[in-house]
Each structure stands twice: as C-alpha cells, then as structure tokens.
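Asker: Sequence:
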Amino acid sequence: FKNLNASGNGVRNWLRFNSSNSPMMFSCYSSGQTDVYLYKEVTAVAEVEKPVFSVNSGDFTEAFGVTISCETEGAEIRYTTDGTEPDASSTLSTAGSEITVSATTTLKAIVLKGDASSAVATAVYTFPVKYTSMAALL
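Residue numbering for the sequence shown follows this note's numbering, starting at 1 and increasing by one per position.
These aren't lab readings, by the way, just hints derived from the structure by calculation.
Yeah, the Cβ is synthetic: ideal placement off N, Cα and C, and Gly gets one too.
Be a bit skeptical, because a hint or two may be false.
Said to hold, decoys possible - Pairwise CB distance ranges (calculated):
#1 Ala-103 to Glu-76: 48 to 58 Å
#2 Glu-49 to Thr-91: 43 to 53 Å
#3 Ala-88 to Ala-135: 33 to 43 Å
#4 Thr-94 to Ser-57: 42 to 52 Å
#5 Asp-115 to Thr-61: 24 to 34 Å
#6 Tyr-131 to Gly-58: 12 to 22 Å
#7 Glu-98 to Thr-61: 14 to 24 Å
#8 Ala-135 to Thr-100: 11 to 21 Å
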C-alpha cells in the first residue's frame, strides 16, 4: 500500500489510505481484532478531547480526591485505578464525582463518544513508605 497511515490509542484504531488518484479509504478496528475491512464511504467521527485530572502526578502523604473532566460535550469518561488501559467496560466517571486516592495509584482515563475515543490520560500518585524509626530503614 502506498500512503498508508495507522493511528489510534489501542482501544479504537484506524488505517487511512489515500493515493494521489483515489478517494480516501478507511478501516477501523479494535485491539486484538484479526479481520480488517477497508471502506470507501466514511461517516465523520467527532474529535474528543483528552481527559484532564484535577490533581497532577506527584508524591503525597495524605489521602485526597481527584475529579476527571473533559471538554467534549455529551461524552463519557471511563477510568481505571490499577494502571491498566481503560476501555468502554471500565468504571464510568460521573460529573463532579471524586475518586479517593489514599495509596500509591496509577490513574488512567479515556473519553468516549460514539465511535470516537481520546488519547489515554495517565497520572501516578505516589505515597512514600513511612518508617517509624531509623532501625526500620536498615
């Protein structure tokens, strides 16, 4: 293939083919899918913005709450707290709800709207181990 471009975020992916004398053709596929079909007619997929966390990655000593937001109206936010990649079956974040973080956590989120998906946002919240004495360090 000439002028073949692959894009995606692992949840939803697409191939785009365009030669100088043919119309644009697309193929959409999911991670792990073996059959891929090429389509000439394409319905535009709306762009979705990457989710934003209310608290950036860092080191913490006390529990706190994190909210996830996005600028894409009518979209849903899905997230994980165990470092796995989020998908359509991951936990749904509802508007304004807080995720309590009280231990070292890798938070990942994705925005989904129809067939469109955003890039995955990631934040790592680290809680250093507390030692009660110098002897515990040795």
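Asker: Hint by hint, say whether it matches the structure.
Answerer: Consistency of the hints with the structure:
1. Ala-103 to Glu-76: 48 to 58 Å: violated, 26 Å
2. Glu-49 to Thr-91: 43 to 53 Å: violated, 20 Å
3. Ala-88 to Ala-135: 33 to 43 Å: violated, 50 Å
4. Thr-94 to Ser-57: 42 to 52 Å: Violated: the Cβ-Cβ distance is about 23 Å, outside 42 to 52 Å.
5. Asp-115 to Thr-61: 24 to 34 Å: violated, 42 Å
6. Tyr-131 to Gly-58: 12 to 22 Å: holds, 20 Å
7. Glu-98 to Thr-61: 14 to 24 Å: Since the Cβ atoms of Glu-98 and Thr-61 sit about 18 Å apart, the hinted range of 14 to 24 Å holds.
8. Ala-135 to Thr-100: 11 to 21 Å: violated, 33 Å
The earlier numbered hints that this structure contradicts are 1, 2, 3, 4, 5, 8.
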